[in-house]
Amino acid sequence: DAGVIQSPRHEVTEMGQEVTLRCKPISGHDYLFWYRQTMMRGLELLIYFNNNVPIDDSGMPEDRFSAKMPNASFSTLKIQPSEPRDSAVYFCASSLAGVRLNEQFFGPGTRLTVL
Amino acid sequence: GESVGLHLPTLSVQEGDNSIINCAYSNSASDYFIWYKQESGKGPQFIIDIRSNMDKRQGQRVTVLLNKTVKHLSLQIAATQPGDSAVYFCAESHGQNFVFGPGTRLSALP
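For the protein sequence lines, the chains are L and G, in the order given.
Going by the working numbering, 2 is the number at position 2 of the first sequence; the sequence numbering is gapless.
Going by the working numbering, 54 is the number at position 54 of the second sequence; the sequence numbering is gapless.
Bear in mind the hints are in silico, worked out from the structure with no lab data behind them.
Hints may contain errors.
[To be verified] Simulated restraints, written as ranges between beta carbons of each label pair:
1) L:113 with G:22: 28 to 34 Å
2) L:98 with G:45: 16 to 22 Å
3) G:10 with L:55: 36 to 42 Å
4) L:78 with G:107: 21 to 27 Å
5) L:76 with G:45: 23 to 29 Å
6) G:54 with L:63: 39 to 45 Å
7) L:78 with G:110: 43 to 49 Å
8) L:3 with G:71: 31 to 37 Å
9) L:22 with G:110: 36 to 42 Å
The model shown is predicted, which means the values in this text are computed figures rather than measured ones.
The beta carbon of each residue, even a glycine, is placed where N, CA and C say it ideally should be.
Isolated chain L, as found in the complex (with noise of 0.2 Å):
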């Protein structure tokens, strides 16, 4: 099994443009995590999927995060328009149960900086 697969690794832009973190979780999961990772706030939950359906995204931070699970095998979290404060590391988890943080298995994380 590949894993929790994101792309891209690294991404750099400018302020005020579109940014799209992308995740294909382990197959056969039916939770979908993003997280945020930053120094000052360590990680954070976002928002969450369950069979491709939103049910939390009380951590989304503004109207300017969205987040889409067209499918059971793809993710986006989208950023318009970026900030430089939303540089950060993302990572997508994904789990086969339930929200469990034990049934939890990360990505390699996407590190955005936005200039």
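With chain L held as given, fit chain G onto it using these hints.
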């Protein structure tokens, strides 16, 4: 790599010695705790967990201690090896709400 931690607290330990990494949590209602290891360029990896009805749990070379009185969690790594060098952070949860700690960078010195 895809890890955050340029200015994290650092713990340097001689190879073969034991490491103790500490974590203070904030919510007295938290009933489940977990330790992660994050290597450079990788996502967090589950190490060990503990429920609030326990005060100690052991795994392979790792032990987690929970002190609910002072809301403190520790991770002990026995006989630290070069492969243990990474950022370690804890997480607390209550139901579907979880909070992650900032992390400590462990360096195993030869």
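Now the hints, each set against the structure:
no., hint, in the structure
1, L:113 with G:22: 28 to 34 Å, "holds (31 Å)"
2, L:98 with G:45: 16 to 22 Å, "holds (19 Å)"
3, G:10 with L:55: 36 to 42 Å, "holds (37 Å)"
4, L:78 with G:107: 21 to 27 Å, "violated (37 Å)"
5, L:76 with G:45: 23 to 29 Å, "holds (24 Å)"
6, G:54 with L:63: 39 to 45 Å, "holds (42 Å)"
7, L:78 with G:110: 43 to 49 Å, "holds (45 Å)"
8, L:3 with G:71: 31 to 37 Å, "holds (34 Å)"
9, L:22 with G:110: 36 to 42 Å, "holds (39 Å)"
Going down the numbered hints, you'll see the structure goes against just number 4.
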